[in-house]
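Trainee: The lines below spell out each chain.
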Amino acid sequence: MKPATVKESPLPSITRTITVFVFAFIAWANTVDASVSRGFTRLLEAVVRIDVREESFDTGARRFTAGIGSGVIVSEDGLILTNAHVASPRAVELSVTLASLERVNATLVGWDHWTDLALLRIDLAEVKRRGLKFTHADFGDSDQLFPGQTVYAVGTPHGLTRTVTRGIISNNRRFFADNRGVKGYETGLFNTWLQTDAAINPGNSGGPLVNESGRVVGINSRGYLGADNLAFAIPANIARRVVAGLAADGAITRSYLGIVPGALLDLEGFYALKQNTGMLINSVDPGSPAARAGLRGGDIVLTINGAPVDGRFPEQLPPILNIIASQPVGATVTLAVKRGDQALAPVLVTEKLESRQGEEWAFEKWGLTVRKVSRAYARENQLDDDTGLLVIGVQAGFPAAVAGLGRGDIITKINQERVVSLELAKRLYADFVAKPAPALIEAESDRRVSLYILKP
Amino acid sequence: MRKSLRLHLSLAAMALCLGPLARAASLPDLFNERVKAIVAVEFFTETELDRRPSITPAMVADSAGTLVLPPGAINSFVPPDKLKDFRVYLPGRPASDYSSAEYLGQDPVSGWHFVRVEERLRASLVPVTAFTAPTPAAEPVVGEEFWGIALRGKDEDFKPYFMASRISYITSMPERTAIALADLAAPGLPVFSPGGSFAGVAIAGFGQTYLQYSRNDRGLPIILMNTEESSVFMLAAEVAPWLARIPASRSGRPIAWSGLYGLQPMDPEVATFLKLGDQSGCVVSEVLEGSPAEAAGIKNRDIILAIDGKPLPRFKPDRVVVGFVDRTLALRRPGDTVSLTVLRGSERIEVQAKIDEQPKMFREADRTYFERLGFTAREFVYGDGINRRVKLAARRGVIAQFVKNNSPAGTAGLRQDDWIQEVDGSEVKTYEEAVARLAVIEADANRTDFVLLTSRNGETAVLRVKLK
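From first to last, the protein sequence lines stand for chains A and B.
Heads up: the first sequence begins at 170 in the working numbering, then just goes up one per residue.
Heads up: the second sequence begins at 538 in the working numbering, then just goes up one per residue.
Fair warning: there could be bad hints in the mix.
Stated by the list, open to error - In silico contact screen, one side only, chain B against chain A (beta carbon under 10 Å); selected entries:
1) 802
2) 821
3) 822
4) 838
5) 925
In short, the hints are calculated from the structure, not lab data.
Keep in mind the model is a prediction, meaning the values are calculated, not measured.
Even glycine gets a Cβ: it sits at the ideal position worked out from N, Cα and C.
The following block holds chain A by itself, in its conformation from the complex (with noise of 0.2 Å):
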């Protein structure tokens, strides 16, 4: 800024800046183009689509629906990484579309709610057998975006193939967490997230977010609804581990303790913290180990075996959420713990992660369908356990609906037994498909239990 004393109109000076900007953007432009046509061209040739089968149970039947969704060829022997939202353990069904236009089925190798990824194979004896080619995209590193680069998206909108969508990095590192964000499973705890303002609308979901050059950086995931232009996809540097995970097992297993974590934000003072030291304990579910430990909120975690952990703000928990996910299953962590003046050093012994959505199931001919209660929806609900089985749905002028069960009942008995587990509960219906007679079910609804009829 030049100092008011000097006479000057202002105008030719931001003709001149603009005249600077034009040109510098010319020749940057001039490389980028090279490398689109080579990087991109190639990134295209891997980007699919992805129609989805998926059976779902929340109407009292097991009824089937139709999806469309994008994903990236990531591999020579075709695998395809997607959303998890997109290609579930419910789908049933799931043809890719290649870049050629020539559809092949293909196969669900595992998913991943908590970052919103699932990794399909394609028929590769189909593939042979019909000639058909596709390349593969490569990833970039995800860790070097910086807020402004340019990015694009590709995938199918709308059912709108290979459509290429052109923003930037709004954000490298935001952090939200979602209890029902992947059909009803939890996501987003264990990584923050990249947002773009690049368009990114349903259809969109499971196809990549890739540099100038071509290279994933991100899988794209959501968008705002009702805001413009504020989309997030999943860091590449994350996804990369999912693939690896997922190719190796089928699945990503995760260890818990059970600590919701807060951000410390200007606690610091009132725990006489150094700056951007520990992580503040917000809460501790009940019966979980941090619990049988005696945590507690307000507890701040130092360490975490050893490491010292920081937890100012709310981007800095994923990674530390993610250290302590990342133990073997049983594995013992040992925390260095403030409570007041007091240091704790409690050890622990992880357990499995597990999500709050249970296992879904039909009895077609009762009409009823309903998820098996997990031991976090049993916590959530301040359940005593995980007996029983949530109703998600009735059929209407079915035994279930007949008898005046409805959605959100929680079946704990069937003819006197303690539904344990959705086996049993199968059996028992099994019994009542061979030999049909009235069933007593006792049902929770709000903490009022109640007794129906079943009759055949």
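Using the hints, position chain B against chain A.
Mentor: This is chain B only, laid out in the frame that chain A set:
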């Protein structure tokens, strides 16, 4: 003095003539006389920030100026000392002329609220019991005509107006209750026979299902409820004695308590399945900790079949049996013993429960509003423990009864009903301790912030409340 004497004399004369005249009197005369058993009551509910007016019709219970307000007229969670400035209006008299009254409390059996009007108005009132039929009338039958009174709004000086209808249906809810073809009285007001005898009390009506058609919706089912007039009334034979149930204290105590939580009706189909024939029953969802039911050995999911050896009657709809059990037990007094027959699995068990006094209720809980902090701390009472599934031994802290919008506490994320367990990192055991510590913070003008540990839906959170 002379004036009031004259009034008494005329009242006495009226009472003497009432019997023979009643049959002969014209309906307008009967109406005008019975309006004297009816008033409009206005009162104010004081909250942290404002005073909210309410208006309800009420009936005169006795000659001591006792008025009965319907159960829904006052939220039973509101502490009686927050109910202010009761005003009683005579129907049709200028609304500028009103008398004051005091709140007496809520009866736990009828749910009625009792209010007593100041002396000067009492002579203008006639208790509804003055219109009781001289000889007990037989239960009304279908098709019989009844009439009642409702009141216009305050802007119309609560003008009384006449309503009438015929009985279409009589049922037990569990009280004997008549349902008329059309609205015939304001809820909470008496219903009379054609001859003017007190026949019952109108209660909040039932919703009626209609289909709503509009440009966008075709046949959208909606339920309409008239809150000012009702077609349903409880028969006098059963509810007239309740008029004498004037609470001994504003808390409504003594209140009988057995500790049976979440009673649910047993379906007839279930009874058949359990080989109970046409026996009625009630499932006990939970037995509350430290309650008479627990001491008696009742278990969660027991099915109550009989009280004091008398099998529970069967009602339609099935759920009425819950009201029957509640009412039967509520009519006992703390210290009474009640015998319950329950079904556990396939075994019938007889237990004796000693009815106890209801633990401290929400409306009785102490509370303090901290204006600078922006919230009201309320004592943690028994019901809080039930709602939060907390054992008696783990009870502590206070409940955020009210949180002011955009106040320091509200901005920090405190919400109504949050359970405050710690203040500034150390546990608060009792209400007194919490209030003492919060008062110190409130009074300290130099305080910049303080920290709460709160619990909501079983999950705790640390909240930093910034004061400046």
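Trainee: Take the hints in turn and mark each one as holding or not.
Mentor: Evaluated hints:
Interface hint at residue 802 (chain B): satisfied, since its Cβ lies 8 Å from the closest Cβ of chain A, which is below the 10 Å cut-off. Against a cut-off of 10 Å between C-beta atoms, the interface hint on residue 821 (chain B) holds, since the closest Cβ of chain A lies about 8 Å away. For residue 822 (chain B), the shortest C-beta to C-beta distance to chain A is roughly 4 Å, which falls under 10 Å, so the interface hint holds. For the restraint placing residue 838 (chain B) at the interface with chain A, the shortest Cβ-Cβ distance is roughly 6 Å, inside the 10 Å limit, so the hint holds.
Taking 10 Å as the C-beta cut-off, the interface hint given for residue 925 (chain B) holds, the closest approach to chain A being about 8 Å.
Violated hints are absent here; each numbered hint is respected by the structure.
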